[in-house]
Amino acid sequence: MAVYRPPEGRVSNPHVPLGERRDGPFYGKSIISVRQFSREDLDYVFGVAREMREMVSRIGSFDLLKGKILANLFYEPSTRTASSFYAAMERLGGSVIPINEVHYSSVSKGESLPDTIRTLECYADAIVLRHPQVGAAAQAVEVAKKPIINAGDGVGEHPTQALLDLFTVSSELERVDGLTITMLGDLKFGRTVHSLARLLALYDVRINFVSPDILRMPRELVAELEAHEVTLTEHDRLEPVLAETDVLYVTRVQKERFEDPAVYESVRGCYVITPETLRGAKERMIVMHPLPRVGEIAMAVDDDPRAAYFRQMENGMYVRMAVLAMVLGKA
Amino acid sequence: MAVYRPPEGRVSNPHVPLGERRDGPFYGKSIISVRQFSREDLDYVFGVAREMREMVSRIGSFDLLKGKILANLFYEPSTRTASSFYAAMERLGGSVIPINEVHYSSVSKGESLPDTIRTLECYADAIVLRHPQVGAAAQAVEVAKKPIINAGDGVGEHPTQALLDLFTVSSELERVDGLTITMLGDLKFGRTVHSLARLLALYDVRINFVSPDILRMPRELVAELEAHEVTLTEHDRLEPVLAETDVLYVTRVQKERFEDPAVYESVRGCYVITPETLRGAKERMIVMHPLPRVGEIAMAVDDDPRAAYFRQMENGMYVRMAVLAMVLGKA
Amino acid sequence: MAVYRPPEGRVSNPHVPLGERRDGPFYGKSIISVRQFSREDLDYVFGVAREMREMVSRIGSFDLLKGKILANLFYEPSTRTASSFYAAMERLGGSVIPINEVHYSSVSKGESLPDTIRTLECYADAIVLRHPQVGAAAQAVEVAKKPIINAGDGVGEHPTQALLDLFTVSSELERVDGLTITMLGDLKFGRTVHSLARLLALYDVRINFVSPDILRMPRELVAELEAHEVTLTEHDRLEPVLAETDVLYVTRVQKERFEDPAVYESVRGCYVITPETLRGAKERMIVMHPLPRVGEIAMAVDDDPRAAYFRQMENGMYVRMAVLAMVLGKA
Numbered sequence: 031m032a033v034y035r036p037p038e039g040r041v042s043n044p045h046v047p048l049g050e051r052r053d054g055p056f057y058g059k060s061i062i063s064v065r066q067f068s069r070e071d072l073d074y075v076f077g078v079a080r081e082m083r084e085m086v087s088r089i090g091s092f093d094l095l096k097g098k099i100l101a102n103l104f105y106e107p108s109t110r111t112a113s114s115f116y117a118a119m120e121r122l123g124g125s126v127i128p129i130n131e132v133h134y135s136s137v138s139k140g141e142s143l144p145d146t147i148r149t150l151e152c153y154a155d156a157i158v159l160r161h162p163q164v165g166a167a168a169q170a171v172e173v174a175k176k177p178i179i180n181a182g183d184g185v186g187e188h189p190t191q192a193l194l195d196l197f198t199v200s201s202e203l204e205r206v207d208g209l210t211i212t213m214l215g216d217l218k219f220g221r222t223v224h225s226l227a228r229l230l231a232l233y234d235v236r237i238n239f240v241s242p243d244i245l246r247m248p249r250e251l252v253a254e255l256e257a258h259e260v261t262l263t264e265h266d267r268l269e270p271v272l273a274e275t276d277v278l279y280v281t282r283v284q285k286e287r288f289e290d291p292a293v294y295e296s297v298r299g300c301y302v303i304t305p306e307t308l309r310g311a312k313e314r315m316i317v318m319h320p321l322p323r324v325g326e327i328a329m330a331v332d333d334d335p336r337a338a339y340f341r342q343m344e345n346g347m348y349v350r351m352a353v354l355a356m357v358l359g360k361a
Numbered sequence: 031m032a033v034y035r036p037p038e039g040r041v042s043n044p045h046v047p048l049g050e051r052r053d054g055p056f057y058g059k060s061i062i063s064v065r066q067f068s069r070e071d072l073d074y075v076f077g078v079a080r081e082m083r084e085m086v087s088r089i090g091s092f093d094l095l096k097g098k099i100l101a102n103l104f105y106e107p108s109t110r111t112a113s114s115f116y117a118a119m120e121r122l123g124g125s126v127i128p129i130n131e132v133h134y135s136s137v138s139k140g141e142s143l144p145d146t147i148r149t150l151e152c153y154a155d156a157i158v159l160r161h162p163q164v165g166a167a168a169q170a171v172e173v174a175k176k177p178i179i180n181a182g183d184g185v186g187e188h189p190t191q192a193l194l195d196l197f198t199v200s201s202e203l204e205r206v207d208g209l210t211i212t213m214l215g216d217l218k219f220g221r222t223v224h225s226l227a228r229l230l231a232l233y234d235v236r237i238n239f240v241s242p243d244i245l246r247m248p249r250e251l252v253a254e255l256e257a258h259e260v261t262l263t264e265h266d267r268l269e270p271v272l273a274e275t276d277v278l279y280v281t282r283v284q285k286e287r288f289e290d291p292a293v294y295e296s297v298r299g300c301y302v303i304t305p306e307t308l309r310g311a312k313e314r315m316i317v318m319h320p321l322p323r324v325g326e327i328a329m330a331v332d333d334d335p336r337a338a339y340f341r342q343m344e345n346g347m348y349v350r351m352a353v354l355a356m357v358l359g360k361a
Numbered sequence: 031m032a033v034y035r036p037p038e039g040r041v042s043n044p045h046v047p048l049g050e051r052r053d054g055p056f057y058g059k060s061i062i063s064v065r066q067f068s069r070e071d072l073d074y075v076f077g078v079a080r081e082m083r084e085m086v087s088r089i090g091s092f093d094l095l096k097g098k099i100l101a102n103l104f105y106e107p108s109t110r111t112a113s114s115f116y117a118a119m120e121r122l123g124g125s126v127i128p129i130n131e132v133h134y135s136s137v138s139k140g141e142s143l144p145d146t147i148r149t150l151e152c153y154a155d156a157i158v159l160r161h162p163q164v165g166a167a168a169q170a171v172e173v174a175k176k177p178i179i180n181a182g183d184g185v186g187e188h189p190t191q192a193l194l195d196l197f198t199v200s201s202e203l204e205r206v207d208g209l210t211i212t213m214l215g216d217l218k219f220g221r222t223v224h225s226l227a228r229l230l231a232l233y234d235v236r237i238n239f240v241s242p243d244i245l246r247m248p249r250e251l252v253a254e255l256e257a258h259e260v261t262l263t264e265h266d267r268l269e270p271v272l273a274e275t276d277v278l279y280v281t282r283v284q285k286e287r288f289e290d291p292a293v294y295e296s297v298r299g300c301y302v303i304t305p306e307t308l309r310g311a312k313e314r315m316i317v318m319h320p321l322p323r324v325g326e327i328a329m330a331v332d333d334d335p336r337a338a339y340f341r342q343m344e345n346g347m348y349v350r351m352a353v354l355a356m357v358l359g360k361a
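Chains as they are written, first to last, in this note's numbering: chain A, 31 to 361; chain B, 31 to 361; chain C, 31 to 361.
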């Protein structure tokens, strides 16, 4: 089994109001990368996320983070991620400052990201940051005294997405060790599959990568996974590995990635999941997708109990509730 | 008297947290069309709205919907409607996720409305939907497990507007039966007057339609109203019916609707309400307008006690508080 | 010492819910201009702001304005100011309706500012208004029944900025009387320095104006200050006055203001603050900046304890909490 040694997570020293608990492994920390998480950390995060799901199921919302303020700083739009953090904070009784129009604001007048972060942390207790540039979150952490949660920095990382993906696997199939995970589609540019693969390397799993030749998983990442003794195979068609698959993780193949439209047309059919596709799959397996989908999974699949992508969305809220509670010292 | 048989409102089956009341005729239902409402339903809605007004007047806000989350999903901007729902939810102690930039977000990457709805209902307890296409709200209801409130679907419906209009008539004049309502302006494209006319058909009223010839009330709607035995007249000038009018409902006549600008110029003066206009009106009548106005009612009219349009705005909040409380099972 | 006679602040008569306190000099008032404030008023505001800082430091947030709703009406974007008011209201337990897209909304269909204000005050308890036109806030106050807080009207006023600036001086140096304040940069177009200078005229201070010749403080304002017996000097270089300066208030010199780029290049270096600059300054002095900065203060200065601009940002929240509590009758 492969185990990452996560680098020491940066501990900032925010003001600790009276009655605040300083314990928990993520208190006051920023969440920047999946590399911060050991397997024990994941057990802890998922345990808290399960409690959150249970509480929401029973009472909807509760006042764990009452009085706390989250700045939702989105330099590029993402309705899904922004709404998920928004709801997570509100279900915990906290408040959100939505900052969606930074393209119009002081930022466009040329203010640096560090200055914007230092300003917002004067007002908020934590900052969720979505930014188009790789490394933006790390740059924010350099100056921040309050926790930063990376909600996607370009083709870099989007750690809470990977956490919710793995939490979904764990919740749906009640384990991770021993599973066969098949990732399908654009594995070259998909930050989602990269981060998830890194987390899976902490477990005893088999991973199949299925993609068009030009969209294969980057060689460095394959090497990194193999160095952690993950069992890997690569394919350009789903059929050979479908029957053994426990988790089919579908991503979008964008036409724009292909120089020759004819090549795109020749492969696209292999990467659309239909009810027929699932006839060849296990009775107990799940289909996941980070959404939004644009045709990769037929709507007719939605009624299949194996279609887990909307449950995956819902899990996103529970995982983000867990992350917010942890970094704000209330988990 | 004409009475609609409202079609059975779609009852969704949202998760019901501990302690939630499942009673009330609108619990868990979506609000899509004025056609859902019988006269008894309206009595109920207006009764709740009056309670809301009384509570706001006494204590401003209260925690009836504490812990509930509303997604305010606006595919086209509408400051007025969005703010009204926002305030309604907050005065009830609930929270709002504002989603105003869907033109920038996953939607513009091609996500379907059903997928967006299914995602948002993972996070929120109800969804207010404003969309440019007729039928969007009905499409949303097809897939939704949580209540959808139609806040305008193109030239289709905007049921809470019609409810607040009728609530205003009822509040200001203390009855609806026996009144003479005159609708003025663009009756062809105005979804507001169409919906209000349908609700009025549940009562014993006389309706006058006053419009330029090219902007008359659609023939089908006139036929529909006549089938319900509403007493109707049509005019191209206000003067003949002003003296008998109890409610003057003014809408905007847009220059763009006219092929010949000369025709527009010739009629526009008839459709502007001034203090002089009101000299020919009853002492106890009201002037309404859905707002925004752009010259249809002179600002000099604002100080006339018969100018009810800002009170109408305020009523919008009470009616939306009532609707939110009803569909979320707390009315 | 110069003392302004502030004109009688406009008292609106909002609905007063049960249990509301009607006392305090700003209850129900709009905050439009620094000219509304006497020195005694400032003592009062700063006293409340200090309490707010103490409370935030101890418990983060509290429910002083629970149930109150603020409309944050921004006709032009300002992440900083909008977020500051947003956080201020939420830390007091109140709610905010963010209205940032007015360029897309009913306003762009031609609705007048007065109608928008009258609509929003149907929903909210107070309105923060940012507008590109001078006089917009005064125009809003004309029609408003609820308090309006001017958050910037073009090159007009931005009174809470001036309050937070002076509060920062007072907090950092524990007095205002007897200080030497040097304002640096674009003094012609900077509404910030104009308003701050007017407030400083209420105290016994010395003010140095340092600017390129074409960006000098407007003659009328200099005359106004001199009429209040403020001790003033004007310079085009910082060096002669740096050593005596207690407060160095830096603003941006925009290249676009210069007809001749060569002139801009020849002066710009004089207006950039670096660690070297501060070698010639007092041990106990502060550097302020309204932010965003774009190169006027080197990032290397940030670690100097005299760099007060981020503390100034934070003070913005406390001053706005004070203002909101005062106008809503809870201070």
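Treat the hints with caution; some may be incorrect.
Identical chains share a label here; the pair holds if one copy fits it or two copies do between them.
[As the list claims (entries may be wrong)] DMTMM-like mimics (lysine to aspartate or glutamate), calculated; alpha carbons at most 20 Å apart, straight line: (1) Lys360 <-> Glu254; (2) Lys175 <-> Glu295; (3) Lys175 <-> Asp334; (4) Lys285 <-> Glu326.
By construction, these hints were calculated from the structure, which means they are not laboratory data.
Verification of the hints:
Taking the shortest alpha-carbon separations for Lys360 and Glu254, neither the intra-copy value of 35 Å nor the inter-copy value of 54 Å comes in at or below 20 Å. In the homo-oligomer, the alpha carbons of Lys175 and Glu295 never lie at most 20 Å apart, since the shortest distance is 50 Å inside one protomer and 36 Å across protomers. For a Cα distance limit of 20 Å, the shortest separation of Lys175 from Asp334 across copies, 17 Å, qualifies, whereas the shortest one inside one copy, 46 Å, does not. Taking the closest pair of Cα atoms, Lys285 and Glu326 come within 20 Å of each other only inside a single copy of the chain (12 Å); across copies the shortest separation is 46 Å, beyond that limit.
This entry does not satisfy hints 1 and 2, going by the numbered hints stated previously.
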